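Colleague: Here's the letter readout for the chains.
Protein chains: 2
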Amino acid sequence: MLEICIIGTGRVGSQLIRVLSHTNGVKITQIYNRTKIKLKAFESIAPTTSEISDLKSANLALIAVKDDAIAPLISSIASIFPIIAHTSGSLGLQKHAQNNAVFYPLQSFSQKEIDFNQVPLCLEADNRQTLDTIENLAKKISTQVYNVTTEQRKYLHLAAVFANNFTNQMYAMAQKICQANNLDFEILHPLIQETATKIKTTPAIEAQTGPALRQDTQTMQRHLKLLSTPEEKEIYRLLSRAIQNTHKL
Amino acid sequence: MLEICIIGTGRVGSQLIRVLSHTNGVKITQIYNRTKIKLKAFESIAPTTSEISDLKSANLALIAVKDDAIAPLISSIASIFPIIAHTSGSLGLQKHAQNNAVFYPLQSFSQKEIDFNQVPLCLEADNRQTLDTIENLAKKISTQVYNVTTEQRKYLHLAAVFANNFTNQMYAMAQKICQANNLDFEILHPLIQETATKIKTTPAIEAQTGPALRQDTQTMQRHLKLLSTPEEKEIYRLLSRAIQNTHKL
Numbered sequence: 003m004l005e006i007c008i009i010g011t012g013r014v015g016s017q018l019i020r021v022l023s024h025t026n027g028v029k030i031t032q033i034y035n036r037t038k039i040k041l042k043a044f045e046s047i048a049p050t051t052s053e054i055s056d057l058k059s060a061n062l063a064l065i066a067v068k069d070d071a072i073a074p075l076i077s078s079i080a081s082i083f084p085i086i087a088h089t090s091g092s093l094g095l096q097k098h099a100q101n102n103a104v105f106y107p108l109q110s111f112s113q114k115e116i117d118f119n120q121v122p123l124c125l126e127a128d129n130r131q132t133l134d135t136i137e138n139l140a141k142k143i144s145t146q147v148y149n150v151t152t153e154q155r156k157y158l159h160l161a162a163v164f165a166n167n168f169t170n171q172m173y174a175m176a177q178k179i180c181q182a183n184n185l186d187f188e189i190l191h192p193l194i195q196e197t198a199t200k201i202k203t204t205p206a207i208e209a210q211t212g213p214a215l216r217q218d219t220q221t222m223q224r225h226l227k228l229l230s231t232p233e234e235k236e237i238y239r240l241l242s243r244a245i246q247n248t249h250k251l
Numbered sequence: 003m004l005e006i007c008i009i010g011t012g013r014v015g016s017q018l019i020r021v022l023s024h025t026n027g028v029k030i031t032q033i034y035n036r037t038k039i040k041l042k043a044f045e046s047i048a049p050t051t052s053e054i055s056d057l058k059s060a061n062l063a064l065i066a067v068k069d070d071a072i073a074p075l076i077s078s079i080a081s082i083f084p085i086i087a088h089t090s091g092s093l094g095l096q097k098h099a100q101n102n103a104v105f106y107p108l109q110s111f112s113q114k115e116i117d118f119n120q121v122p123l124c125l126e127a128d129n130r131q132t133l134d135t136i137e138n139l140a141k142k143i144s145t146q147v148y149n150v151t152t153e154q155r156k157y158l159h160l161a162a163v164f165a166n167n168f169t170n171q172m173y174a175m176a177q178k179i180c181q182a183n184n185l186d187f188e189i190l191h192p193l194i195q196e197t198a199t200k201i202k203t204t205p206a207i208e209a210q211t212g213p214a215l216r217q218d219t220q221t222m223q224r225h226l227k228l229l230s231t232p233e234e235k236e237i238y239r240l241l242s243r244a245i246q247n248t249h250k251l
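Chains as they are written, first to last, in this note's numbering: chain D, 3 to 251; chain A, 3 to 251.
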């Protein structure tokens, strides 16, 4: 039985609590949040506390708090837990605990329940035995387990910004254009789905279509006239140029 | 029985031929392409021709050729067909034929076979009877049929550039970052899928996450240092600013 203390009950922490509370061979021994009221929802799952001094030893502490709070938190609980793993994409492996690890679920978590079985878990540890422990845990809850170094994880997090945040901003701009013209954004759903699915089997660079790729200057000029703000026009120009530069190489 | 002549056997034309050749109440009477060799693949489906002068009358001509070629083509065959519909997203309703229509399938067509039943068909016509004819046809092959004016279609096409071409460029950049760092792009698939699925139920603007939204300047500075070209840095800066401006409003 792997005993786990969960530190933090935000988006990542609460999803981890949900999935780990139903995982065989795992016991959540304690749940921590510095704000007492945020622990209410978890009282039926495990003992909760808002006091660092109340934390009791377990095999592993999983830390899911804001990046800035991670290092000081690990320092203050380093003596209690043999292994401390954080769940941040952008922070390196910390060195304050006895054994240090990273347990980074690469997914965009909202309130919605996620099928954890499909969430890539990116792991790192400062020794083989610690890696084995978190790898065993990871494989219990997901089929997508990867060993990723701190250096790689930095780039992975950057790639995720392009693949998720910037992509989502493109969706938001498309949705804005639809709304302003009484068009149901739903019309674009199949296209969005097709593009997101296509890149699983076709390199994105080969999947490209559209006026920029075709060097269709007339259509691009017409599009620029339809856009209302300088920022929208700048994005259209820059991304069209990026497509053309990508395909020049 | 609706008799249809298909003009053009490119990506859109060939997908239309494939689906219409299996549609009840529809008969493909002739298939045209100006390049004879490109008709080979369709000879078993219907009579083919590379000569405009060989075209025979049918209830409807569906034109799936390059935008620039559409207007002259319609003029040269206007007397042969009672209804001529083009399939372009960016061209307005033409006025050269007896009855004019638009039959625009909003999807990114590659070689891959598409489930036409899910392809939004955006229709327009210069009179009610013509619209009825193409609407009946559209409903035979897709569950997603929309009436869209020329003006709306222009914006829809622009929105599709953001939702598809620019999004795909974001995927390509993420994939490039992964490849340069020995990271399997597959790690990002669930995230990409989740984001594309989420916008079906959550407005994209509400689905946004990430360092730009959080005003996490330190992470953004670190990301900028990891990017290798001035163009990549410019895209990162501009889209991060766009996210922040979008969420300031």
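What the hints contain is simulated information worked out from the structure, not anything from laboratory work.
Just so we're clear, the structure is a prediction, and the values are computed from it rather than from any experiment.
One should not assume that every hint holds.
[Claimed, not checked] Taking lysine-lysine pairs in the DSS-like style, the calculated list, with each CA pair at most 30 angstroms apart, reads:
#1 A/Lys29 <-> D/Lys250
#2 A/Lys178 <-> A/Lys235
#3 A/Lys178 <-> D/Lys178
Colleague: If you draw a straight line from the CA of A/Lys178 to the CA of A/Lys235, is it 30 angstroms or shorter?
Modeller: Since the Cα atoms of A/Lys178 and A/Lys235 sit roughly 14 angstroms apart, the hinted pair holds (cutoff 30 angstroms).
Colleague: Taken at face value, is the distance from the CA of D/Lys250 to the CA of A/Lys29 at most 30 angstroms?
Modeller: violated (43 angstroms)
Colleague: When you check the alpha-carbon spacing of A/Lys178 and D/Lys178, does it fall within 30 angstroms?
Modeller: Holds, at roughly 29 angstroms.
The structure fails hint 1 only (numbered hints given earlier).
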